[in-house]
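Chemist: Listed below, chain by chain, are the residues.
4 protein chains.
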Amino acid sequence: METMQHTHTHVDTCFECAEACERCVTACLEMGDKDGKGHDMTACIKLCRDCADICTLCGRLDARGSDFSRDFMVLCAEVCEACAKECEKHAGHHAHCKACAEACRKCAEECRSMSASA
Amino acid sequence: METMQHTHTHVDTCFECAEACERCVTACLEMGDKDGKGHDMTACIKLCRDCADICTLCGRLDARGSDFSRDFMVLCAEVCEACAKECEKHAGHHAHCKACAEACRKCAEECRSMSASA
Amino acid sequence: METMQHTHTHVDTCFECAEACERCVTACLEMGDKDGKGHDMTACIKLCRDCADICTLCGRLDARGSDFSRDFMVLCAEVCEACAKECEKHAGHHAHCKACAEACRKCAEECRSMSASA
Amino acid sequence: METMQHTHTHVDTCFECAEACERCVTACLEMGDKDGKGHDMTACIKLCRDCADICTLCGRLDARGSDFSRDFMVLCAEVCEACAKECEKHAGHHAHCKACAEACRKCAEECRSMSASA
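Residue numbers (this note's numbering), protein chains in the order written: chain A, 10 to 127; chain B, 10 to 127; chain C, 10 to 127; chain D, 10 to 127.
Be careful, since some hints might not be right.
Remember, identical chains collapse to one label, so a pair may be satisfied in a single copy or spanning two.
[As the list claims (entries may be wrong)] Within a straight-line C-alpha distance of at most 20 Å, the following computed EDC-like cross-link-like pairs (lysine to aspartate or glutamate) qualify:
hint, residue 1, residue 2
1, K46, D76
2, K94, D76
3, K107, E87
4, K115, D49
5, K46, E97
6, K98, D76
7, K107, D49
8, K46, E87
If you are wondering where the hints come from, they were derived from the structure by calculation, not from laboratory data.
Could you build the full structure based on these sequences and the hints that come with them?
Modeler: Now the structure itself:
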């Protein structure tokens, strides 16, 4: 474990959300479509798949100072919110969904906040 | 050369635009910042870099039938239009900018058209 | 339908494989983990997910003339072969797996051939 | 600034390297092809462009537990080493090249180490 030398940024938040989504897809796939609780994880997998791609690109556009970064954040926030909402349904049963929902909520908030700033 | 077996689709258009943008970035980098005509290619490179990433993901979201595909197309069209506008400035001097501008205009039109359809 | 104006290239092949993989993931997810034939599609989904990402980047590296394009093609061929092998198990039952297996075989062959050329 | 709750991982290292590469591309583009010290930054930009893409996918493959993660790390280490070597040439003059070289060296080491472990 090392001491982090930099302030936690929006770029970090995007990449952490992408990571949580990647982990959630894999965990959902490995437990099968039905999770033994009567839940169908298909919607969760599909949302996490999109969210991983979109958060990754959101982080990269911010890092590079893209002219489209703010517009992309607005879209990213929507995807993160949809993914969080679905993962929250399963958060009581699956740690990977709980972690993913939290990462998505955080990313949605930071994207909204940054895209709204002057 | 082979006979294409499939109808040309929006997914193809997105990937062709991404390819044209990748080629344009490399060609602009290799001729240097100044192109010998007094043009600064920095804006062109930066726009093509963003456009390549966004068109690639637009094509993939369409291919997978994502719920966010239409919203993404709206953003993709904006990026393609901005990239086309910049590349058109150099289209008389550089074949790679001309090819990129055409690919971007086509992609913008298809993204606009598809995102507007019911 | 339009007349294609360019020769079919390795870049096209990579993007077509990525598209087939995206479609296969979605189709497999939508029919559920078990496909009604007693097949578990989890391995297929996981391989297609990796293959879509790797073929996309393979196409982009080739388009941009990257120094790492040949090394990347070697890895891409391995992933395509693994994905083809898995999809071929289901090709008799599912059109999306058949299409994906064919796209993967073609991409593997072109990646092998191009990476071996001087 | 917040307290980090997780151990720093290989996934984090990959994403931090991708971020440093994105920043380095933009900074190099904005100072022009020639940096006022007589250095041509074209090689640096091209390497960082590839390295950003490859590190991003390396981090994602690790996060998802891909079967191809180790093979990908080997390739990623090569790209990171090439990028570090180029950025080190400019590290005395440009803070973004210094930061990028350090991120690339760290990522190369972790990729080598992890790909070699049983």
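Chemist: Decide, hint by hint, whether the structure agrees.
Modeler: Hint check:
1. K46 - D76: neither (45 Å within a copy, 26 Å between copies)
2. K94 - D76: between (29 Å within a copy, 15 Å between copies)
3. K107 - E87: Cα proximity of K107 and E87: one copy only (18 Å, versus 35 Å across).
4. K115 - D49: Classified as neither; 25 Å inside a copy, 34 Å across copies.
5. K46 - E97: within (15 Å within a copy, 32 Å between copies)
6. K98 - D76: Between. Shortest inter-copy distance 19 Å satisfies the 20 Å Cα cut-off; intra-copy 36 Å does not.
7. K107 - D49: Answer is within; shortest intra-copy Cα gap is 16 Å, inter-copy 26 Å.
8. K46 - E87: Neither. Shortest intra-copy (28 Å) and inter-copy (37 Å) distances fail the 20 Å Cα cut-off.
In this structure, the earlier hints numbered 1, 4, 8 are contradicted, and the remaining ones agree with it.
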